[in-house]
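> One-letter residues, chain by chain:
There are 4 protein chains.
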Amino acid sequence: MERYVLRLRAADQPGIIHTMTGGIVATGGNILDSAQYSDESSGQLSVRVEFESEKDPEVIRTELVDGLARFDPIVELRRGSDRRRALIMVSKLDHCLDDLLYRYRRGELPIEIPMIVSNHEDLRSVVEAAGVPFHHIPVTAATKAAAEQELSSLVQESGADFIVLARYMQVLSDDFCARFAGRIINIHHSFLPSFKGAKPYHQAKGRGVKLIGATAHYVTADLDEGPIIEQDVVRVDHRSSAEHLVVIGRDVERKVLSRAVQLHADDRVFLSGQHTVILA
Amino acid sequence: MERYVLRLRAADQPGIIHTMTGGIVATGGNILDSAQYSDESSGQLSVRVEFESEKDPEVIRTELVDGLARFDPIVELRRGSDRRRALIMVSKLDHCLDDLLYRYRRGELPIEIPMIVSNHEDLRSVVEAAGVPFHHIPVTAATKAAAEQELSSLVQESGADFIVLARYMQVLSDDFCARFAGRIINIHHSFLPSFKGAKPYHQAKGRGVKLIGATAHYVTADLDEGPIIEQDVVRVDHRSSAEHLVVIGRDVERKVLSRAVQLHADDRVFLSGQHTVILA
Amino acid sequence: MERYVLRLRAADQPGIIHTMTGGIVATGGNILDSAQYSDESSGQLSVRVEFESEKDPEVIRTELVDGLARFDPIVELRRGSDRRRALIMVSKLDHCLDDLLYRYRRGELPIEIPMIVSNHEDLRSVVEAAGVPFHHIPVTAATKAAAEQELSSLVQESGADFIVLARYMQVLSDDFCARFAGRIINIHHSFLPSFKGAKPYHQAKGRGVKLIGATAHYVTADLDEGPIIEQDVVRVDHRSSAEHLVVIGRDVERKVLSRAVQLHADDRVFLSGQHTVILA
Amino acid sequence: MERYVLRLRAADQPGIIHTMTGGIVATGGNILDSAQYSDESSGQLSVRVEFESEKDPEVIRTELVDGLARFDPIVELRRGSDRRRALIMVSKLDHCLDDLLYRYRRGELPIEIPMIVSNHEDLRSVVEAAGVPFHHIPVTAATKAAAEQELSSLVQESGADFIVLARYMQVLSDDFCARFAGRIINIHHSFLPSFKGAKPYHQAKGRGVKLIGATAHYVTADLDEGPIIEQDVVRVDHRSSAEHLVVIGRDVERKVLSRAVQLHADDRVFLSGQHTVILA
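Protein chains in written order, with UniProt numbering: chain V, 1 to 280; chain H, 1 to 280; chain E, 1 to 280; chain F, 1 to 280.
Hints may be right or wrong, so weigh each one.
Note: identical chains are not told apart, hence a pair may lie in one copy or across any two.
What the hints assert, rightly or not - Cut-off 20 Å, straight-line C-alpha distance, at most; resulting in silico cross-link-like pairs (SDA-like, lysine to any residue):
#1 LYS92 x ILE74
#2 LYS196 x GLU225
#3 LYS199 x GLU50
#4 LYS255 x ARG235
#5 LYS196 x PRO57
#6 LYS144 x ARG105
If you're looking for bench data, these hints aren't it; they were derived computationally from the structure.
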């Protein structure tokens, strides 16, 4: 028996679930876990199902797509043993990368990492020591367009399903963001929408907040405005300088980004309007 | 359109979900929310579905029960507007009662409270001020059997679906526990299985723990061993005396019991072997 | 032996602590608990000491003030048995008031409540049932100045040490804020600086955040910009409507405001520049 | 100016703090941070002070020790720039070691690691890649005494101040525990006192708890009974198998052990009777 993960999005209407479960039963499948959400504000139905079946994926896909055709859904079917491929991008800071690689090595993150790309050489040795190919794509104002072109090619060649910006410090172009909409995850080092922009920990110190946080979100052309996937906070007090907040915040950034990557790779995150629906 | 909540338990096997969704579709229903879990250790499938339909509950129930008969399931169907009825029991401490009544008055807890029963008179005025009938059933070693008989009658007369022990300080008999298995919720003032038995906060102080907690569980004949519904903890330090831990702990007890009552009343808690499955 | 709480603020310089402890020893005092913080950014030393002594407060105060005179400090001495007096202000929402009164009745909040003031009559019966005097001061654009004058008089007559805005929905004038600087605590129903202004839960829903929060702060002429005393958050997900966020948020508001009132009443909050130092 | 950390323990009595601050003032010191706690149950006063002074440590120590002699205290003085030396012990599991090394490399943990000792060879390459000497001391029933003798020698030679058992799977002898009382930190993979002994995550699964945790404690001859330094928990649900709880629990173990090491190395943990006082 093979384990499958099915994702479905459609404008909500009666009968979709029953038709879908019918397709699963028709191919000898047994549902192990399922969750769904009908978003009133966007009208979108989001469904995630895990099931077992002895049939081939193509047989199942055909059965489901044909059966559901009148609902015009977007259907994604993945063998549970096929892992999502994440292309990770970094600059010089390595704390988020360190956590992703730690969980990757232990099999805690259900991903493959075909390569890690950076605009600097600093982290090459860390990456290569982990047995992952490292690509250096320097970026200047003059070369930005060419750099993004090269990056696009690498995404395609590597078969990456999504991109993780693990404290990658370059802003991506609107075109690039649009091309990979819903497929680029960024970690912002504040509890958005507080402290957008640069030096959020210094802003947090200036405001005297009692909790600092981090936010993982899909990247859109509007900086720091993309749909939020995951957030968390940690308690701080008056004794922490801005520099100390940076240190404390690293732990939250690591945790939040790894959790967002796990949710995305596990097919649990659905874009619905400007928000995410998380079927966890 | 009427909103319905459907609960289903059965030995897991292929086809149950599809048959169930078929029954819902057949009565013109549209699924709004659904969750299920197949427990490998107990073999039990637990399902909770919310759906809308214009049909009467009896029509729907018949459709579902007939359609699903070959799976020999336990099916419960409730109109969303019909609230579960909770008979609350107290002794002298009122902090859990206070929180339940606060949320009840505001409509945060989806329950009706037909009456509150106590083995003491102390809280009569608080209860009656909230507009809820108060019944005093004193309990001594000699009268315990008769007291439980009276309590059973009150449960029946009041149409209570379940019993909440909001710091009720009498141990119920094995017979009573068995009769209402899975329908009595107790709050224990420790993070079980730590500190079973009496004076758990004094035990916690003696051990020097850095977190104290509370546990809401179904009552069984084995004291403090029933299936756990909800737990939470709060951080403490060396400065708290045992008496201060009692004060701090009250907040956790209130929160944990109210959350357990909410989950149960919302039909989200399923007994599965010695554990609970929470479809939240 | 009487228990005393001593607060001291001064521009930091060597010798203050030793002089202060000398003054305590000179009056036969024994220190039970002490904490201090020297804020580099503001240059202010904040000190809180609890000690026991058999001497009268006037003797101790004189000893301390004379001994410390060359450091030009602000010294406050309070008998531990003298509770800070809190004048509470409400409008129509009662969830924060309910929590304050619950903890007040049980002795968890070290305050006296001489009266509760509201710009509406709605909560009169709740307040009077708790045995606390209720004053109605209606506020319109035309009567605002007179209303604040009446409020000032009530603060003076009641001997209130500080004012708690427990979801009081009127903006206080700059003059009033300045007059009671560091003595008015407000609860804002968002995790500031996110979602300033009106309808923060609707803003939160709009942005799709995964945590919502509340902030207790001292009131200044800059709305929602005063020094933060306490903050907390709670996890939410896509299923919560804005109206449901309002319900969930009430619990955080209650908790955060009560904690801020406790810290303030226990003399643990020090203004230092635009921030607070909490010696907890 | 040099920064110093002073720790003091003594039977509590009036005048200790004033005498101590007098000693600091006498050597030109300025107090930056201080905390103290008088434990009623054990009668012990615990004090931690950070101060600046231009004097040499021997001058300060003499001044303090002589001045305080009549109180018969235990006084420890450390230059802030002198880091506590931690000898880390591991077996085959590397998740706690990984977190300690990560924070060590970034300077987040105020320690030196003179060496890492293991009863297995498995982690040699990880340790040596971090630039830390690795010592293999195999342990069998027959060689246990000799192995502990070798370990004692290594502690002495390396100048280690304390020992960290980062999932070291051998039980230390009573003699060894007594010799290094208050200087060996262990991480237990449960929220003690729940689930003592072997396979705590399997015990937790068996009981159906809703939170799992970890406990860092000083090692004593009574297994799993030593004074607790730090604890934390994480929420789990019915979906996690015992094996999955092991994976989830690793994150809590890492966090709790690193925090305990930080508190100990920062001189903030005081043994007081069977408990710890944490002056954080």
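> Does each hint hold? Answer for all of them.
Now for the hints, and whether the structure bears them out:
Taking the shortest alpha-carbon separations for LYS92 and ILE74, neither the intra-copy value of 38 Å nor the inter-copy value of 46 Å comes in at or below 20 Å. For the homomeric pair LYS196 and GLU225, the shortest alpha-carbon distances inside one copy (9 Å) and between copies (17 Å) are both at most 20 Å. In this assembly of identical chains, LYS199 and GLU50 lie within 20 Å of each other by CA distance neither inside one copy nor across copies; the values are 42 Å within and 30 Å between. For the identical chains of this complex, LYS255 and ARG235 are neighbours both inside a copy (15 Å) and across copies (15 Å), given an alpha-carbon limit of 20 Å.
Taking the closest pair of Cα atoms, LYS196 and PRO57 never come within 20 Å of each other, the shortest separation being 44 Å inside a single copy and 46 Å across copies. In this assembly of identical chains, LYS144 and ARG105 lie within 20 Å of each other by CA distance neither inside one copy nor across copies; the values are 32 Å within and 34 Å between.
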